[in-house]
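Q: Residue strings, one per chain:
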Amino acid sequence: MLLRKIRIPLAILAFASITWLFIDFTGLAHGYVGWLARLQFLPAVLALNAVTVLALVVLTLIFGRIYCSVVCPLGVMQDGIAHLHPRGKHKAGRYVYSPERRWLRLTVLALFIVAVVAGIGSLVALLAPYSSYGRMAANLLRPVWLAGNNVLAGISEQNGNYDFYAVDIWIRSMPTFIIAAVTFVVIAILAWRGGRTYCNTICPVGTVLGYLARFSFLRVCFDAEKCRSCSKCAQACKASCIDFKNKTVDYTRCVACGNCLDQCSFGALKYGRPAAAAPAAGEGSGAADPASRRAFLIGASLATTTAALAQVKLKTDGGLAAIEDKVAPKRQTPLTPPGSLSADNMASHCTGCQLCVAQCPNDVLRPSTGLLTIMQPTMSYERGYCRPECTRCSDVCPTGAIRPIGRDVKSATQIGHAVWIKENCIPLTDGVSCGNCARHCPVGAITMVPSDADNPLSPEIPAVNESRCIGCGACENLCPARPLSAIYVEGHEVHKTI
Amino acid sequence: MNRRNFLKYMAAGAAATAPAAALVTACKPGDKNGGADALTTGAAGTMTMRRNPNSGDLVSILGYGMMRLPMLPEGIKPDPVTGPFDQKMINRQVDYAIAHGVNYFDTSPVYCQGLSERCTGIALKRHPRDKYYIATKLSNFDRELWTLSESKAMFENSLRELQTDYIDYLLLHSTGNGSRDEQGNDISGLDACRQRFLDNGLCDWLVEQKTLGRIRNLGFSWHGDYRAFEYLLQLHDEGRYHWDFVQIELNYLDWFYANEINSSNVDAVTLYSELEKRGIPAVIMEPLLGGRLANVNDDIAAELKQRDPEASIASWAFRFAGTPEGVLTVLSGMTYMEHLEENVATYSPLHPISADDHEFLMHIAEKIFGQKEIPCTACEYCMPCPYGINIPAIFSHFNRCIREGNIRQSELDPDYRRARRAFLIGYDRSVPRLRQASHCIGCNACTAKCPQKIRIPRELQRIDAYVEKLRLTGETL
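Just so you know, the sequences run in chain order X and D.
498 is the number that the numbering used here gives the last residue of the first sequence; the numbers go up by one with no jumps.
477 is the number that the numbering used here gives the last residue of the second sequence; the numbers go up by one with no jumps.
Nothing false has been slipped in among the hints.
Stretch-level coverage of chain X by chain D, calculated; a stretch enters the list once three of its residues show a Cβ under 8 Å from a Cβ in chain D:
| no. | stretch |
| --- | --- |
| 1 | 22 to 30 |
| 2 | 387 to 399 |
| 3 | 423 to 432 |
| 4 | 435 to 446 |
Simulated from the structure, these hints should not be mistaken for lab results.
Since this is a predicted model, take the numbers as computed values, not measurements.
Don't be surprised by glycine CBs; every beta carbon is placed ideally from N, CA and C.
Please work from the sequences and hints to get the whole structure.
A: Here you go:
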């Protein structure tokens with residue numbers, strides 16, 4: 001059938017493209033396929049992207065839940081897993097019709113809408129299908145992709161060319177990693193056993209689109225006269241939505257895959273206009289309302305252990321001094337990337353898909369571990385800092401949690417400000433001149449001044465002009481004090497332009 | 001060795017070419033009892049030897065520098081005795097060297113994270129003691145060790161590590177190098193030399209050890225402050241001390257350009273003629289400038305190959321360093337077997353540089369000088385940087401990019417993206433991010449230690465600024 005022939009290649013293409021988007025580290029993918037993330041239903045709703053939402057609604061009203069079969073990467077992933085299952089003794093398939101679990105679906109949807117409205121980002125992120133997939137791709141598949149790349153990079157280095165370069169592989173947040181792994185295992189088991197179980201019982205997007213699809217223009221219809229109740233169509237239906245005995249299809253669950261059409265030997269099923277349709281009133285859909293404000297965490301006093309590098313006794317030459325890993329300071333207010341406008345905006349729009357985290361080329365973004373904001377991106381500067389030339393997270397974010405921002409605007413956007421920790425500062429602890437923070441501040445917000453105002457020759461310490469500081473973290477990242485820097489960035493709840 | 005002697009050996013060598021071929025295996029280096037003069041010129045396939053006029057030692061023109069010993073591959077557990085160094089490989093290479101006539105091994109208590117003497121001792125102990133000469137040094141890097149008693153302990157420890165009871169060539173190490181006192185004030189090279197080697201009575205003690213036969217030749221190596229060089233030679237002229245040999249940096253780039261590269265350095269030609277005037281044999285270090293004269297750009301490589309298509313790039317530098325007749329031996333820190341094999345071939349025998357060749361190499365030197373590479377020889381005296389920076393690796397990457405034409409001043413320059421990619425990817429490959437120039441705080445702990453007088457922090461910050469400029473022109477590589 002034509003439907004399947006078109007659907008399968010399109011689905012594979014879309015799935016591969018989105019996957020590439022999540023595992024890519026070169027920054028090339030989002031230029032080509034970044035729009036696919038924006039095409040996702042929930043991100044589009046949260047981004048208040050009316051054109052996309054309307055287009056998806058119209059698409060569903062015409063073709064049914066074709067979105068779930070082609071555009072949604074989680075849906076396609078389940079199809080892939082189910083496809084691997086041996087069909088057993090039934091030639092047509094292994095599925096059986098099951099009645100709709102309407103209360104479960106509606107309850108989950110209601111909970112989800114409440115979570116979105118109330119800004120409970122963690123619940124939103126757990127349920128959103130695209131984000132679930134993104135999390136799996138970014139946490140489980142990406143490391144494999146990077147490891148493969150690093151093997152090629154090793155070969156490339158040996159051959160003296162620059163075709164591949166090695167990248168760091170690290171787990172950005174253990175809770176997020178575990179959530180991604182558990183989600184994958186649960187959904188994979190559900191798909192293996194029953195096809196689209198997740199989509200038709202839990203997925204809030206599936207429920208919304210499902211109730212729209214009830215009124216779709218084209219749909220799978222029975223020709224009762226031709227049907228001989230052989231049950232092949234029901235066996236092939238991964239959505240378990242064909243009740244061949246009563247010759248009905250549950251359109252809220254049908255994902256318009258077309259598998260049943262191929263199975264019917266009697267021409268009793270067709271994809272087209274039903275003989276008699278009964279249009280009814282619309283269904284409430286997940287709306288994007290601004291979230292309520294979130295009280296960000298209570299300050300914990302800054303543990304400022306003196307952190308000078310242990311000086312190696314210089315009796316011999318050669319070798320390398322050990323470098324201690326940096327430890328993240330306790331920020332009273334978490335940092336959110338330029339373009340996210342405010343902690344509120346982030347919390348109310350982000351679905352925790354991990355695209356920005358995966359794409360961040362400076363290893364700055366990582367999933368938050370906060371109870372309400374879990375899996376939403378937060379920043380820290382132990383491995384790198386928010387470099388002035390980069391706006392990638394804002395380029396890739398599909399939900400409007402990080403709005404597109406130009407380099408010029410970014411360099412004038414204050415997301416936090418630098419705080420100096422006297423106890424850690426190397427000129428005072430080691431008695432050497434430093435000034436590495438001032439040397440690397442991209443906006444010139446740091447001036448080195450004598451630590452003793454009366455003695456111009458005293459060791460120089462950084463003086464931060466907070467009004468010019470944009471919070472990029474160059475100072476914190478490049479500060480020689482370890483494990484805790486002598487200068488760190490404290491976040492702002494609301495970004496401002498300086 | 002003076003000119004007359006050299007000519008005499010030349011003549012003898014020419015006369016003895018045919019029979020000498022038979023001596024390849026028969027005549028072992030270290031045979032001090034004559035009968036080997038024919039070898040000084042080196043017959044085909046035989047290492048050229050030079051006679052030390054002071055002790056009569058017959059020394060191979062190729063000396064083994066034990067400063068760049070081979071290391072175990074990354075990921076292999078360091079040995080409890082020899083640390084990260086590959087003793088098996090060191091043994092093999094020392095065996096090869098000795099089998100092919102090399103008989104001068106130069107080490108120091110500070111080389112290779114302080115393990116060079118030990119590794120050298122282990123490798124040499126497997127050969128008869130009269131087959132080779134050991135050179136080691138009294139190093140001067142830590143002011144705590146500047147006292148006479150600490151110096152004596154250092155010397156005794158060298159004997160222990162080298163598993164011997166006498167040192168053939170003992171050097172005051174790096175005599176022109178400055179230092180810093182506890183308050184962080186700079187001590188000039190001359191003052192450091194006096195305080196470290198003379199005022200504390202160390203030199204007198206060493207002369208005593210020489211009369212006791214625990215030291216056979218006493219000399220010094222020099223870098224940096226020329227006043228220290230002059231001062232030590234003045235002591236020689238006045239008869240207070242007698243230097244049996246002096247170790248200097250000599251190569252075709254430093255011959256005339258050392259001073260132009262860094263105004264506080266002295267051209268090798270000046271240093272050498274001061275020694276020649278006094279008949280003091282010269283031991284040559286940095287003949288290859290830490291490999292910089294072997295890694296030249298394609299243009300220069302082509303020119304060298306055109307002149308002699310069969311000679312390696314490095315062989316020009318070795319021939320140049322070995323040509324002056326007052327050169328006793330040319331030290332090369334041969335990390336890899338192939339370096340050793342190649343250098344043995346170059347010097348078996350040495351074909352001295354002709355006047356024409358000399359002019360040609362001066363022209364090459366001018367070209368290399370024109371590239372403005374950072375004159376780092378990767379000696380690692382500056383290391384370890386207390387803040388973990390890999391200084392030589394950063395300089396080496398930068399120099400490589402200069403040689404390969406991958407430096408761009410402006411985004412509008414041709415081929416900018418490719419050059420940028422090569423620079424940035426190559427940078428991350430050569431130096432892990434945490435050890436890159438952006439982490440240099442300018443504490444200046446390294447500056448006084450650099451024998452090339454490179455203003456290391458300034459150069460690192462210059463490279464960092466360049467990297468920053470490259471990074472700012474795009475978020476992808």
